[in-house]
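So the sequences go chain by chain: S and Y. Take my numbering: the final residue in the first sequence is number 92, and no numbers are missing along the way. Take my numbering: the final residue in the second sequence is number 596, and no numbers are missing along the way.
Hints listed in this document are in silico derivations from the structure and should not be mistaken for laboratory results. Please note that a few of the clues may not be correct.
As the list claims (entries may be wrong) - Under the rule of at most 35 Å between Cα atoms (straight-line distance), these lysine-lysine pairs were calculated in the DSBU-like manner: (1) Y:K208 x Y:K166; (2) Y:K591 x Y:K166; (3) Y:K477 x Y:K208; (4) S:K77 x Y:K467; (5) S:K77 x Y:K546; (6) Y:K477 x Y:K425; (7) Y:K467 x Y:K477; (8) Y:K166 x Y:K425; (9) S:K63 x S:K77; (10) Y:K546 x Y:K591; (11) Y:K467 x Y:K546; (12) S:K63 x Y:K477; (13) S:K63 x Y:K546; (14) Y:K208 x Y:K467; (15) Y:K166 x S:K63; (16) Y:K477 x S:K77.
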Amino acid sequence: MSLIGTIDSWAGNPLEVGPMYPWVGFEVGFFLVSLALWICWMVWLLKTEGTVYLHEAQRLKQRDVSDVVGGEDDIY
Amino acid sequence: MDNQLEAITVIFTEFYYWVTVVLMFLIHVGFCLYEVGVSRRKNMLHTLMKNAMIVPLVTVAFFFFGWWIYFAFQYGPGITGGLKEAPWALPWNELMGPHMGGQPRDDGLTAADTATWARLNGVFWAAFLLFSLTAASILSGAVIERIRSGAFWVIAVFVGSVTWVIAAAWGWSDAGWMVHTLGYHDAYAGGVVHGVAGASALAILVHLGPRIGRFAADGSARTFPLQNPWLVAIGLFLIFTGFWGFYAACNVPILDIDPEDGRLFFSATTIYLTPTTLSAVTVNLLMALASGMLMAYFLSKGDPFWTFSGGLGGIIGASAGNDLYHPMQVLLVAAVIVFCAFKLHYWVERRFKIDDAVGAIAVHGYCGTLGVVATGFILWGYPSSPAADSVAITPWGQLIGAVIVFWILGFAPAYAVGGILKRAGMLRIPVEVEIAGLDRHTRREERQQSQAIRTAEREHLIRIGWKDGGES
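With the sequences and hints as input, model every part of the structure.
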């Protein structure tokens with residue numbers, strides 16, 4: 017007998033089979049964990065991106081215009 | 125399912141939507157190629173990732189709340205009722221997972237719910253998700269080369285999982301309040317997907333501003349040359365291909381028309397459950413594509429970017445009524461709408477200094493919304509739904525519907541979100557980085573790695589006995 021699932025045998029009447037995934041009854045918990053991870057990812061992204069652009073802008077400001085536009089690193 | 129006819133019908137429907145999902149994925153591939161083809165070399169990786177990450181972010185958001193919004197909001201803000209019960213669309217519901225349709229364990233479900241939704245909930249969800257990805261991707265092209273990815277993804281999730289879904293609930297469902305009070309008709313989502321997304325792009329561009337150098341001091345617009353016309357052409361051809369999936373997904377493939385009259389008559393239907401045929405809409409899609417390309421070629425004097433975009437605009441312009449138009453009507457409607465959208469694009473660009481890098485507002489926003497209005501005249505008097513008390517399609521019903529999708533659900537919410545992001549300093553890339561190129565630091569790291577690898581290779585050759593001339 018499955019310890020975590022809803023299916024004990026495929027030999028029964030399939031018309032009576034409902035949800036087939038394991039851990040039935042814990043869906044709200046899975047949802048809350050997934051939602052928290054998704055929100056954390058967005059917050060991490062927004063923070064990281066802001067920091068990267070801040071550093072890059074500061075680095076570029078220390079250089080001459082001719083280095084940034086038309087210099088060795090320039091691609092267009 | 126305990127009889128063969130029911131099994132064939134249900135499993136055919138399940139497979140039908142699965143095919144539409146695969147085809148519609150090509151729309152996203154096409155948008156990625158198209159945007160990268162338009163971007164300058166210094167921004168290509170940023171452009172690619174900005175669009176590609178729509179897929180995971182909107183997928184998760186649409187699973188969490190988008191699917192439920194579609195069903196729950198169909199009665200509008202208290203217009204024909206309150207929130208509609210839709211337990212099968214909640215993210216924690218058993219019908220969102222593998223299910224054989226037996227007795228429900230969830231208290232909110234009935235046996236009829238599980239029997240109906242067990243095999244179709246997932247493919248319906250996926251088809252709607254692909255519409256969501258399309259809506260978000262439409263925005264993506266307009267804002268390239270200066271928007272922050274994070275800001276864009278917030279907007280993409282908002283449009284892709286909230287605003288267009290509300291538009292669909294209101295005007296693109298058999299119980300939608302706009303259908304039942306205004307007679308709103310938008311069979312292939314010209315307004316609810318393309319109108320909403322195009323108007324949202326316009327709203328974001330108002331806050332975002334043009335790319336540096338786009339407008340001269342005298343106000344005239346400069347044209348950024350296409351960086352890779354081949355990618356643009358392939359991208360748009362893939363989008364065209366994906367539109368067969370898009371159109372097919374807007375239909376129900378097989379249904380007994382009016383099951384309460386006691387007669388059996390099976391047909392494909394629109395999402396409003398009004399009859400149509402896959403054959404008719406396939407012809408109309410091709411005629412709209414042809415007409416749009418011909419008109420855009422004429423207007424742009426053969427410019428490849430506009431010619432391909434015109435084909436897409438033609439399809440979108442005819443979408444609202446393509447379930448019922450004759451192909452000749454499609455030819456004329458698509459041509460007129462592409463003409464209007466093309467002229468409107470340049471007028472808005474000059475008048476408001478709007479820099480829409482890919483013409484998304486014209487192709488999706490103007491064509492989709494004008495198409496909704498045109499349907500009011502061409503299908504004037506047709507019943508909008510199979511209900512006995514169906515409201516007729518009218519020019520004023522379509523006009524009000526067009527205002528709702530473009531301004532109320534498209535422009536206004538995106539303008540609000542864009543404004544918040546701008547105030548928080550999170551909308552636009554810093555000017556130094558924008559000019560230097562959004563890929564600059566990535567490319568610098570790549571170059572450093574390449575040089576380190578080259579040095580290691582040289583040292584390896586010396587170790588195995590090759591002569592070193594002293595050059596590095």
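Now for the hints, and whether the structure bears them out:
1. Under the criterion of a C-alpha separation no larger than 35 Å, the hint pairing K208 (chain Y) with K166 (chain Y) is inconsistent with the structure, at around 49 Å.
2. Of the supplied pair hints, the one linking K591 (chain Y) and K166 (chain Y) is violated, its CA atoms being roughly 39 Å apart against a limit of 35 Å.
3. Restraint check: the Cα-Cα separation between K477 (chain Y) and K208 (chain Y) comes to about 43 Å, which exceeds 35 Å; the hinted pair is violated.
4. As the CA atoms of K77 (chain S) and K467 (chain Y) are separated by approximately 41 Å, the hinted pair breaks the 35 Å bound.
5. Note on K77 (chain S) and K546 (chain Y): the hinted pairing holds, with a Cα-Cα distance of about 22 Å set against a maximum of 35 Å.
6. For the proposed pair K477 (chain Y) and K425 (chain Y), the alpha carbon gap of about 24 Å is at most 35 Å, so the pair holds.
7. About 15 Å separates the Cα atoms of K467 (chain Y) and K477 (chain Y), which keeps this hinted pair within 35 Å; it holds.
8. Between K166 (chain Y) and K425 (chain Y) the alpha-carbon distance is near 29 Å, which keeps this suggested pair within the 35 Å criterion.
9. Between K63 (chain S) and K77 (chain S) the alpha-carbon distance is near 21 Å, which keeps this suggested pair within the 35 Å criterion.
10. Taking the CA atoms of K546 (chain Y) and K591 (chain Y), the gap is about 59 Å. The hint is violated against a cut of 35 Å.
11. Using a Cα cut-off of 35 Å, the hinted pair K467 (chain Y) and K546 (chain Y) holds, with the two alpha carbons roughly 30 Å apart.
12. Under the criterion of a C-alpha separation no larger than 35 Å, the hint pairing K63 (chain S) with K477 (chain Y) is consistent with the structure, at around 31 Å.
13. Between K63 (chain S) and K546 (chain Y), the direct Cα distance comes to roughly 15 Å. Compliance with the 35 Å bound is thereby established for this hinted pair.
14. Restraint check: the Cα-Cα separation between K208 (chain Y) and K467 (chain Y) comes to about 42 Å, which exceeds 35 Å; the hinted pair is violated.
15. Among the hinted pairs, K166 (chain Y) with K63 (chain S) is consistent with the structure: their alpha-carbon atoms are about 23 Å apart, no more than 35 Å.
16. Straight-line distance between C-alpha atoms of K477 (chain Y) and K77 (chain S) comes to about 28 Å, which keeps the hinted pair within the 35 Å bound.
Comparing the model with each numbered hint stated earlier shows that hints 1, 2, 3, 4, 10 and 14 do not hold.
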